[in-house]
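Participant: Residue numbers (numbering that gives the first Met the number 0), protein chains in the order written: chain A, 0 to 202; chain B, 0 to 552.
Since the hints were made in silico from the structure, they are not lab data. Treat the hints with care, as some may be off.
For lysine to aspartate or glutamate, the following DMTMM-like pairs were computed, each having C-alpha atoms within a straight-line distance of at most 25 angstroms [claimed, not checked]: (1) A:Lys-160 <-> A:Asp-61; (2) A:Lys-160 <-> B:Glu-107; (3) A:Lys-160 <-> B:Asp-101; (4) A:Lys-79 <-> B:Glu-107; (5) B:Lys-33 <-> B:Asp-19; (6) A:Lys-79 <-> B:Asp-101.
Examples of chain B residues lying across from chain A (beta carbon under 8 angstroms, computed) [claimed, not checked]: (7) Ala-60; (8) Ser-64; (9) Ala-338; (10) Ile-341.
All C-beta atoms, glycine included, are put in the ideal place defined by N, C-alpha and C.
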Amino acid sequence: MSQATIRVGVKSSDPADEVRSDRDLVAACLANDLDHAAFRRLYERYGPEILRYLERLLGDRDVAEDALQDSFVRLHRGLKRYDPERPLRPYVFRIAHNVAIEALRRRARRAKLDPAPLEAIDTVDQAVERNERAALVRAALAALPAEHRSVIVLRHTHALKLREVADALDCTPRTARNRLRAASTLLERELRRRGIVPEQEGL
Amino acid sequence: MNCTETRPLLAHRPLDALGDDELGGVDAHLSECKACASYLASLDAAYVELEGESMGSELPAGLWSGIAQRLDDGEGGTRDVEEVAEPSPALTIALVCTYCHDVLTRPEARYCAGCLAPHHADCFRAHGTCAAPGCEETHVVQPTLAIVAGGASSQRWRRGRRVWLAAALSFVGLGSGVAAAWKARSARMASEAAEARYLESRQKQDSISRDLNAQSARQRARQAAERRRRMALQRRLEQAEDESSALLKAANGKITSRRVYLGVRVVVVSSRPDQGTSERGLRVAEMRPGSVAERAGVRVGDRLLAVDGKPVPNLASIGAALRGVGETFTIHVRSENNALRILLAGAPPGVDEGLLQGAVHARPRQPFKDGRSWLAVYSDADLSGRTFETLSVEADVHNGNALRTRHLSYLTLGRRRPRAEGWDLPPEWRVDGGWIANDTDSGLWLKPVQTDAQALLRAALRLNVDVDRRHRNLLHHVNPLVATAALEAAIAAREFAGRELAIGMLCDLWEGQEQAPPQHALRAVVRAQADEDPSVSTAAKRALERLRKLPKK
């Protein structure tokens with residue numbers, strides 16, 4: 000179901016595209032995809048949501064677009080090793096996740112050399128100015144560490160199943176659930192701190 | 000479940016991260032408790048806000064062309080790109096199936112009878128024809144490699160092959176008869192057995208050659224690492240030398256030293272109440288002609304009170320006071336008639352230009368057989384057309400345990416070597432068991448103290464001269480990085496007897512510094528831990544403990 004809701008946004012110039020499964024496309028990529036037509040299908044299929052995911056994780060459109068490029072180049076490289084029996088979507092997310100985390104680390108290293116104002120603080124300021132609830136929620140999410148942010152975005156925004164989250168994070172479903180729980184607890188705390196969720200008194 | 004149990008779990012509810020057992024309890028509680036339900040509602044609302052955020056979901060136009068470009072540049076690739084950390088010692092050429100592009104082991108490969116493109120047997124069958132572009136061959140062949148096993152088995156193999164060929168012929172000729180099928184089966188069994196034997200012997204051979212290759216590769220790698228390390232050390236030493244010669248050049252050919260000497264010999268006077276004297280301090284006993292003190296107007300018998308405004312009760316304080324002076328400074332003295340005089344002194348401009356421009360080096364030479372070491376003096380300066388009659392040198396000489404100043408003044412220079420850099424020292428200059436390690440403020444300046452001492456230290460370490468405890472004093476005259484490079488070289492030199500001491504010196508050197516020792520120095524000590532000499536390795540271990548305590552930055 001989640002797949003269906005996500006694929007609504009996919010624009011397909013070719014009606015046959017809907018019919019071609021990920022598996023076929025991957026096989027086509029591997030066989031003789033000289034003009035990258037098959038790979039482009041994959042890109043058009045997963046690009047938008049991956050871009051959304053990266054944007055949310057990195058908080059910056061330009062950086063996200065760069066990361067999207069890197070992700071798909073890496074995906075192309077990884078297709079050979081990818082087991083076609085397994086669903087492709089979590090695999091794409093996994094690659095995007097790794098690319099994003101690397102980008103964040105790079106940025107953190109740079110920030111150490113050249114301290115720039117933290118993004119989360121920025122967002123909070125804007126939120127206070129506009130007094131917008133949605134912005135506050137977003138700021139709460141932005142305040143989480145990237146690993147936690149990622150797992151919430153994957154599960155909530157992209158509606159990945161627990162198994163798929165596990166695939167994307169390259170861990171067991173059990174670990175994925177534990178990470179999810181840690182992340183949701185943290186997010187709850189951030190939300191509470193911003194007054195979006197009431198303080199729990201007397202408990 | 001009650002509220003206290005439920006609340007911590009509620010955070011997981013919107014993400015559906017609850018276990019089945021928990022879910023039932025939580026839902027049951029929610030249906031009863033309004034407070035918890037409303038709390039969950041507020042959480043859910045927050046998550047809805049999160050969803051409502053719609054950032055651009057459209058793919059930007061130019062992005063795909065960028066990806067395609069990078070793929071065409073070979074960055075992507077559906078080829079096998081297994082990154083191998085270390086090159087495997089035995090080179091193998093992997094076969095890839097023309098049809099499925101998967102890896103193919105040699106014994107299972109079937110080759111197209113037309114173009115010899117390798118296939119999996121299954122792949123060829125699935126495809127029906129050769130998968131190579133433009134080739135429509137429908138038959139495969141199989142190599143008949145020489146079998147390494149004994150003659151009987153190869154006989155059998157050959158017979159098997161004949162049977163197989165016969166079978167194939169009869170298969171082609173007669174169609175699918177029962178007999179042909181039976182023969183083909185036996186042929187296949189025979190060829191499979193041969194394959195297994197071949198594989199086994201091949202593996203045995205491979206493992207032997209792999210072992211040999213790995214051994215020699217390890218050895219080569221070790222040698223290469225050793226060579227690289229030596230070269231890196233050499234480079235660092237050269238770099239240090241370049242730096243010091245750059246310093247000299249920056250001095251514009253003149254030898255300048257930031258060190259200023261008064262050029263006086265003082266005696267320490269202590270108060271003697273029994274003799275009615277209460278004065279304490281330093282009294283000038285002797286002065287070198289032309290020295291700073293003389294030019295300022297100090298007289299023999301004066302008592303030194305202060306230099307540059309700083310009181311000088313003892314010898315060490317003179318050095319400390321002089322270290323910070325500018326071009327001019329004051330000297331407070333009290334004359335023998337108890338008059339206080341304040342004198343204006345000028346720091347010497349450096350080298351006496353009329354005398355010599357350029358650096359003078361004192362280099363230790365190979366010691367004599369009887370163990371006495373001696374020095375040779377060289378100069379960078381252009382000495383052509385000049386004659387020097389006398390050379391006044393006052394040098395700090397390491398002699399015995401203490402760094403003592405020895406006056407070696409007005410010694411006549413020895414013969415001048417034609418086209419040589421300088422002069423050999425006359426025999427009376429030889430300092431038994433000591434080095435000239437300091438510069439002087441007399442008529443001729445030795446090289447600035449830093450580079451001089453550094454050269455000595457390096458030379459001492461290189462010439463395998465026994466590094467003694469007294470040489471540690473040298474360290475304080477040397478740029479710590481230069482000294483470190485020299486000590487590193489010493490620690491790394493297997494044939495050098497003073498490694499243990501060099502390690503200790505490295506610690507001594509850096510314990511006094513504000514900075515942390517450079518990483519490569521630490522690595523040298525770490526390597527020394529594995530030294531065959533137990534005294535060296537224990538020294539290294541102890542040194543590491545000391546070095547780890549030092550500040551990190």
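Participant: The structure should be examined with respect to each hint, and the outcome stated for every one.
Facilitator: How the hints compare with the structure:
With a CA separation close to 29 angstroms, the supplied pair Lys-160 of chain A and Asp-61 of chain A exceeds the 25 angstroms bound. Our distance criterion of 25 angstroms between C-alpha atoms is broken by Lys-160 of chain A and Glu-107 of chain B, whose separation comes to about 41 angstroms. With a CA separation close to 31 angstroms, the supplied pair Lys-160 of chain A and Asp-101 of chain B exceeds the 25 angstroms bound. With a C-alpha separation of about 21 angstroms, the suggested pair Lys-79 of chain A and Glu-107 of chain B falls inside the 25 angstroms cut-off, and the hint holds.
For the hint pairing Lys-33 of chain B with Asp-19 of chain B, the CA-to-CA distance comes to about 22 angstroms; that is within 25 angstroms, so the pair holds. As the CA atoms of Lys-79 of chain A and Asp-101 of chain B are separated by approximately 9 angstroms, the hinted pair is consistent with the 25 angstroms bound. With 8 angstroms as the threshold, the beta carbon of Ala-60 of chain B stays out of range of chain A, its nearest partner Cβ sitting at about 11 angstroms, so the hint is violated. Because the smallest distance between the Cβ of Ser-64 of chain B and any Cβ of chain A comes to about 10 angstroms, over 8 angstroms, the interface hint for this residue is violated.
Taken as an interface hint, Ala-338 of chain B does not check out: its beta carbon lies about 62 angstroms from the nearest beta carbon of chain A, beyond 8 angstroms. The interface hint given for Ile-341 of chain B is broken, as the beta carbon of that residue sits about 52 angstroms from the closest beta carbon of chain A, more than 8 angstroms.
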